[in-house]
Amino acid sequence: MKRFLETGNFAVTEGAILAGCRFFAGYPITPATEIAESMSRRLPQVGGIYVQAEDECAAMHLCIGGALGGYKAMTATSGPGYILYADPYGWAIGCETPLVILNSGRVGPVSGITGAPGQGEFYLTRYPTQGGNFETICLAPNSAQEAMAMTVEAFYLSERFRTPVTVLADQLITDGFEDISVPGNEGEMKEMGFRIWPRQIHPGPLFYPATDEIDIPPVQLGHNTGALCSDWTPTEEGYDTEEVENHHRHAFRLIYKIRNHRDLISHRCQKSFLDDDPELIVVSFGTPSRVVNTAVAKARGRGQRIGSLRLINLWPFPDELFTRKAIYLVVELNWDGQLVREVQRAAPKDSAVHFLGTCGDLPTQADLEESFNKLLANQPLTRKGWTLEAW
Amino acid sequence: MKERVELVASGFGGQGVVRLGQILGQAAVKQGLHVTMLKSHGTEMRGGYVRSQVVMSPKLIDSPICESPDYFIALSLAAYKRFRDTVPPSGVILYDPAFVDALDAGLACRQLAVPAKQLSVERFNRPILANTIILGALSRHLALLDKELLLESLLAIIPKFQAENRQAFQAGYDCVH
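Same order as they appear, the protein sequences are chains A and B.
Each residue of the first sequence is one higher than the one before, counting from 754 in our numbering.
Each residue of the second sequence is one higher than the one before, counting from 76 in our numbering.
Please note that the accuracy of each hint is not assured.
What the hints assert, rightly or not - Residues on chain B that point at chain A, a partial pick, calculated with CB under 7 Å: (1) GLN101; (2) LYS134; (3) LEU135; (4) ILE140; (5) SER143; (6) ASP160.
Hint data in this document are derived by calculation from the structure and do not stem from the laboratory.
Quick caveat: nothing in here was measured; it's all calculated off a predicted structure.
Ideal Cβ positions, reconstructed from N, Cα and C, are used throughout, including at glycine.
Let the sequences and hints guide you as you build the complete structure.
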């Protein structure tokens, strides 16, 4: 095990290579440029291919090609590039192509602010493309070390489910430096809980198995398999069709191969101080959760019954974590409130769900403490002179 | 050992604010500490706003933000004005008077002038070693990190001009008390 002071971008690159990634196509963007940079250096060392694309849309299409050619493939970007993936993301979902995408959130909309963190793509990771009729998988680490682990896990899940998987990080994770341990062999990888799924090439002629059962077969596309791949609804043999019945089968498969196999996703989360039925549960993901955890620990020291729930698997959304009746406070790096909507939907109907937003900077402990005190005293949250709307 | 040491450095792009945090962090990792270092910056390579926030601790670090920095290195007047009030009475501000020329006398913390730019120009005929001088000055006050390890990290991260960097580091160490 080697220990470095390095960026999250470095951690993601090393995680991808450990997971078997040998193809990267991307277009540089702050704060994920260093992933492209380090991939261009590292991949040739391990027999992989790096391509600098002319834009993000081309980059992800190239990754699909790489994946269909038998490589574990990856791309990385930030919000303004992630939105340009909309078309190839749909292709990858529809053609069941395993891919890993890293999105490092910065401040939006559009180019916004480059060197500051944001969480504006929570819903975009659920609906990254048009057309509906699919489920997505998204993992959200809160440190550089976890970004490495979640990149490895994203490759595992993308191979198992044959679908693109997004790792949703933010500028502080990818651009920030942290002490990082990198495993040097398989034993150390197992010790760190890394799961690897080998790329399997199925020689059979059929795109889908001839069964009504929704299972997750190994990748059938790849070298010498006569791969059929198109953006149209496929028949079971992979040919284009306009038949609604075929479409239903296809859509059902894209949705339920994930929904019915949630046990494989092993919903990760971090629970702190949730064992004594806290009055207030603070929900967050990504970097803000680190400030939340500190603030909640301090609140416990003051005798306040507050717990913290940090989500790591964002999609499919872990509804089962929201069974307690409590006051919920959702802390996000955006001003419009995205995760809070999902928490409001999943929480028991008589729970009060509140929102604390900020963007570009993490919330301070003073902000959090003030919000905790107000909510426990049944007062509305106020911030910078205006009253927040009740969620 | 203090459970958590926070350090903020801020100035313009090109002054080495990020590099400085990286050198400190590298030294801390070598000492077996946990480290986080956040950087925030504008789009410019040079001239824009830059800030590094370094947290060092023997324990795993939760919040990586410096809300109450033990050390604040101010390399521009704008940075000084923006973060001076976050420094607690027990904290120390190290500033370069070439950039910070209007001090707030009302602060409870110690404020130490490190004439880094001036010293760099005087001794090395160019301002580029100012950052190393600041680091040397800091090493005198940062009891947490071993001086030699810090210098070693500096030389590992900046392989150029090693002899001058050694001299500049010592010059910085000697210019504050």
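>> Could you work out which of the previously given hints the structure breaks and list their numbers from low to high?
In response: 2, 3, 5, 6
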